[in-house]
Amino acid sequence: EPEVTQTPSHQVTQMGQEVILHCVPISNHLYFYWYRQILGQKVEFLVSFYNNEISEKSEIFDDQFSVERPDGSNFTLKIRSTKLEDSAMYFCASSQEQGARTEAFFGQGTRLTVV
Amino acid sequence: GENVEQHPSTLSVQEGDSAVIKCTYSDSASNYFPWYKQELGKRPQLIIDIRSNVGEKKDQRIAVTLNKTAKHFSLHITETQPEDSAVYFCAASLNTGKLIFGQGTTLQVKP
Numbered sequence: 001e002p003e004v005t006q007t008p009s010h011q012v013t014q015m016g017q018e019v020i021l022h023c024v025p026i027s028n029h030l031y032f033y034w035y036r037q038i039l040g041q042k043v044e045f046l047v048s049f050y051n052n053e054i055s056e057k058s059e060i061f062d063d064q065f066s067v068e069r070p071d072g073s074n075f076t077l078k079i080r081s082t083k084l085e086d087s088a089m090y091f092c093a094s095s096q097e098q099g100a101r102t103e104a105f106f107g108q109g110t111r112l113t114v115v
Numbered sequence: 116g117e118n119v120e121q122h123p124s125t126l127s128v129q130e131g132d133s134a135v136i137k138c139t140y141s142d143s144a145s146n147y148f149p150w151y152k153q154e155l156g157k158r159p160q161l162i163i164d165i166r167s168n169v170g171e172k173k174d175q176r177i178a179v180t181l182n183k184t185a186k187h188f189s190l191h192i193t194e195t196q197p198e199d200s201a202v203y204f205c206a207a208s209l210n211t212g213k214l215i216f217g218q219g220t221t222l223q224v225k226p
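Top to bottom, those sequences are chains E and Y. At position 48 of the first sequence the residue is numbered 48 (this note's numbering), and the sequence of numbers has no breaks. With positions in the second sequence counted from 1, the corresponding number in this note's numbering is that position plus 115.
Just so you know, these hints were derived from the structure itself, not from any lab. Certain hints may be false.
Stated by the list, open to error - In silico DSSO-like cross-links for lysine-lysine, where the CA-CA straight-line distance does not exceed 27 Å:
#1 E:K57 x E:K78
#2 Y:K173 x E:K42
#3 E:K57 x Y:K186
#4 E:K83 x Y:K157
#5 E:K42 x Y:K225
#6 Y:K183 x Y:K173
#7 E:K42 x E:K57
#8 Y:K137 x E:K42
#9 E:K57 x Y:K157
#10 Y:K157 x E:K78
#11 Y:K225 x Y:K173
#12 Y:K183 x E:K42
#13 Y:K183 x Y:K137
#14 E:K42 x Y:K172
#15 Y:K172 x Y:K183
#16 Y:K173 x Y:K157
#17 Y:K157 x E:K42
#18 Y:K173 x Y:K186
#19 Y:K183 x Y:K157
#20 E:K83 x Y:K225
Please build the complete structure, drawing on both the sequences and the hints.
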């Protein structure tokens with residue numbers, strides 16, 4: 001069964017450093033998403049991406065965050081200057097179509113720890 | 116803004132009993148309602164979903180009901196087993212694809 005793949009599984013970084021989280025969505029999917037989950041809390045939407053541009057973003061997704069699809073297979077989330085409160089599990093997801101027409105598949109997550 | 120409320124936050128049942136988790140959503144335009152199961156340290160996995168043109172859907176021991184008028188949907192697990200123990204999240208979505216998640220329910224099934 002096809003899967004969304006995320007790397008690395010765990011990233012530790014110093015406060016103020018830049019991090020890039022990597023995702024390989026399912027190959028025939030067109031819609032891509034990033035979510036985050038602070039330990040013990042609910043999953044929160046960050047951003048959706050379609051046709052090489054951001055479709056929607058939440059208020060969490062401020063100027064420190066950016067997303068990119070550098071080639072035909074990868075989808076990255078960059079945090080420019082990490083803060084302690086950015087520590088969370090970051091999930092990438094992809095779907096074949098939008099909204100109610102199809103389900104979203106989640107990657108296994110990247111645990112980001114900012115120290 | 117869009118919001119999804121989920122109850123209870125924790126639920127403990129005996130093996131073989133039923134478990135019910137309830138969610139309400141704020142945006143009446145929401146039209147897709149998935150349920151995810153998340154085991155400790157792992158990804159959320161879709162277990163069942165329902166679309167707004169359907170009132171009920173069942174898949175073996177799992178069922179979901181939707182009341183659009185009340186903006187309310189529920190997950191029902193029958194004949195619970197210890198391997199059903201996990202955190203369950205409901206979510207609601209518009210056609211934008213963005214999922215708004217509930218706060219999660221930690222289900223413990225005692226053998």
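Hint by hint, here is what the structure shows:
no. : hint            : in the structure
1   : E:K57 x E:K78   : 14 Å, holds
2   : Y:K173 x E:K42  : 25 Å, holds
3   : E:K57 x Y:K186  : 24 Å, holds
4   : E:K83 x Y:K157  : 24 Å, holds
5   : E:K42 x Y:K225  : 24 Å, holds
6   : Y:K183 x Y:K173 : 18 Å, holds
7   : E:K42 x E:K57   : 17 Å, holds
8   : Y:K137 x E:K42  : 15 Å, holds
9   : E:K57 x Y:K157  : 24 Å, holds
10  : Y:K157 x E:K78  : 22 Å, holds
11  : Y:K225 x Y:K173 : 24 Å, holds
12  : Y:K183 x E:K42  : 23 Å, holds
13  : Y:K183 x Y:K137 : 14 Å, holds
14  : E:K42 x Y:K172  : 25 Å, holds
15  : Y:K172 x Y:K183 : 14 Å, holds
16  : Y:K173 x Y:K157 : 25 Å, holds
17  : Y:K157 x E:K42  : 14 Å, holds
18  : Y:K173 x Y:K186 : 19 Å, holds
19  : Y:K183 x Y:K157 : 31 Å, violated
20  : E:K83 x Y:K225  : 40 Å, violated
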